[in-house]
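Dock chain A against the given chain P, drawing on the hints supplied.
There are 2 protein chains.
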Amino acid sequence: MAAKKTAPKKSAPSTPSASSASKRSDRDALTLGKIEKLARQALAQATKGGNPALDIRTRTLSNVSFNEKKRIIELGDRTQSREFFNVAMARKFMQTMLVASGCKTLIGEDKTVSIRQMFYMTKHTLPGSSENTFDDQSESDPIIEDLEVGIDALREELHLFANRRGLVVGKLVVNDAGDEIDLARMGRGGWGIPSICEPGHLAFVRNAAEFILLVEKQAVWHRLNEDRFWEKHNCILLTSEGQAARGARRLLQRMATELKLPIYVLVDNDPWGLYIYSVLKQGSINLAYESMRMAVPNVRFLGMSAFDYKKFAMPPAAEIKLTKEDITRAEQMKAYPWFKDAKWQREIQATIDNGFKMEVDALLTKRISFITDEYIPKKLRDRDYLQ
Amino acid sequence: MAAKKTAPKKSAPSTPSASSASKRSDRDALTLGKIEKLARQALAQATKGGNPALDIRTRTLSNVSFNEKKRIIELGDRTQSREFFNVAMARKFMQTMLVASGCKTLIGEDKTVSIRQMFYMTKHTLPGSSENTFDDQSESDPIIEDLEVGIDALREELHLFANRRGLVVGKLVVNDAGDEIDLARMGRGGWGIPSICEPGHLAFVRNAAEFILLVEKQAVWHRLNEDRFWEKHNCILLTSEGQAARGARRLLQRMATELKLPIYVLVDNDPWGLYIYSVLKQGSINLAYESMRMAVPNVRFLGMSAFDYKKFAMPPAAEIKLTKEDITRAEQMKAYPWFKDAKWQREIQATIDNGFKMEVDALLTKRISFITDEYIPKKLRDRDYLQ
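Heads up: the protein sequence lines correspond to chains P and A, in order. Note that the first sequence covers residues 1 to 387 in this note's numbering. Note that the second sequence covers residues 388 to 774 in this note's numbering.
None of these hints come from the bench; they were simulated from the model. All C-beta atoms in this analysis are idealised placements derived from N, C-alpha and C, irrespective of residue type, glycine included. The reader is advised that the hints may include incorrect statements.
[What the hints assert, rightly or not] Here are the in silico distance ranges between beta carbons for each label pair: (1) A:R754 with P:N298: 23 to 31 Å; (2) P:E36 with A:P586: 27 to 35 Å; (3) P:D382 with A:N685: 55 to 63 Å; (4) P:P315 with A:L773: 53 to 61 Å.
Next comes chain P alone, as it looks inside the complex (with noise of 0.2 Å):
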């Protein structure tokens, strides 16, 4: 097992969910302090007779860099000032101090919200006026960003989140909303991976697992789950369901730091599951300004390479062949400041030349529970991963 071996961890003697709740108004306090600051600033500089104004880092292409040290897509120090006193600013001003505005309701009243959610709370005609405060979401969406990036919180932490996705099952008890929760006794259900996973919002009680198997396909994560395989290899096992959520990317880097757990992913050998590995371990360009909380750089590739056609003897049946998009996707990818190590680019050119793509579920060309008994304990006991 290439796993490190990690000693389980007992809980502690305090209730876990008051331990959490206490955990969170710290941070909640902590939030709030950052929104408060804001809005006394601007007030500051309006009752002096000023011109209120915000500084946020600009989140444009231009000001994205990759940190070779770090291994994360960052966010560079270019600010944009926003004015009140500024026809073309003064909307978006507004529209600032009113999402502030709802997120400080919703931490006290410890009330979470979609961003959806978020656009109604704030949604009005201003009196005396047809004027809307918002027309659109995709005019208060920017603006959470930019709130995220001005107060250098996490959209979680002002208790918003996006759609959620993910669900995991496997040797870990955790604490959610003051219920203990047993991940080994889920069924085939398994548990829905929560929009939040702050600390203070959800707690680990106790972990028994050794390491932690993240896939990207839901099928694929069925199939390991019918076949225990987390009991059987003292695991976690988790599906993103395609493209990782915030939930399960914040979920994922706690784990790897909190439970020092190694993480392996499991995607479709094409482009688009190296990509989704991809921003799992260094963030991605349009969430740069989170990747600090939400990359985990050492999260290990384990497939599927392009090399596991031959090495399992995989039969033409499992190939797709590439089309013209997949290889302008794969050229791109070799491009990449993070994949330009040579282990890397050889694995993206055998892609490229074998001609064909290939999907986790085509190792059900050779049976049913190849991939449990078979391709996945191989790949873990030869540690023929990439990192």
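Then chain A, alone, in the frame of chain P:
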């Protein structure tokens, strides 16, 4: 409370997992029998020197009708013969036998796979040719539907599933794959509704709920779950996460018939929301052959109704202007035989007359928990729903 009171059911003294397993093997034996009968008939015809053939009910619009008495959309009796010695049909005949054989293997090994995985299980290149048994999943999916109709077995009984969606919490204990799962202790995560919710796979152990509330949107479910609505109102809280997947529909139907609980559905006030409700209630044209086991004719439409705007004094911020497409879709809805009743005509017309649609999320324009402590309780109290 509009919900009918139901005494909590006590768990049977026998261990649920054992009884689950025996129920499953009974049902599996039945399905195996159907597959074997199909194979034996084909073999008998072939050994007699005849032309092996399958009669399969036609799944076309012209063979689908609304059964006024049962209140479900049904498949008619017109059939189509599929012959082995017929150039146009031989390939499909062979494919049907391959899928049937794959399902026999699945049942034998007591495993379940996705319809994509079944594609891979049965895809191979015919020896001595470059001919594939299946070129694409778009070839195998209709064959699976043929088999379902041909031998009268749900795909779940054939151990196959499509993608799953949906989460559940509430006052119910279930047993799934031998794990006893208390849906009242799921934190904010909820239990992921499995793809296969057939008896034998999933059993109800103890129910303390008085009704079921299904909401279309994940974020609405989150709002109600965070507010512990299901605890205060003794119910089961489900989200279908959009159009309900087969697992969620089967779970709902089993809850309706076995737990005898009334079901309330809360969707957006737009034609798409009404369509989601309508599929839950009388089935869909595409899956007409499965309405009997999937449709729940007595689900109640709790909202959002077009009349809720005035009833709850909603602000203009809750409105979203109807598009031309919305209006066309609403007019189509009015023409459906299952919506011909005056109360439905009035409801659909009211949306058209309003000129706007409303999302359930729009209730947050009032206040964060308006939906939990005012909107739903009032609707239930006033028995303000359509059926």
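Check your understanding: When the hints from earlier in the document are held up against this structure, which numbers fail?
Key -> Violated hints: 1 and 2; rest satisfied.
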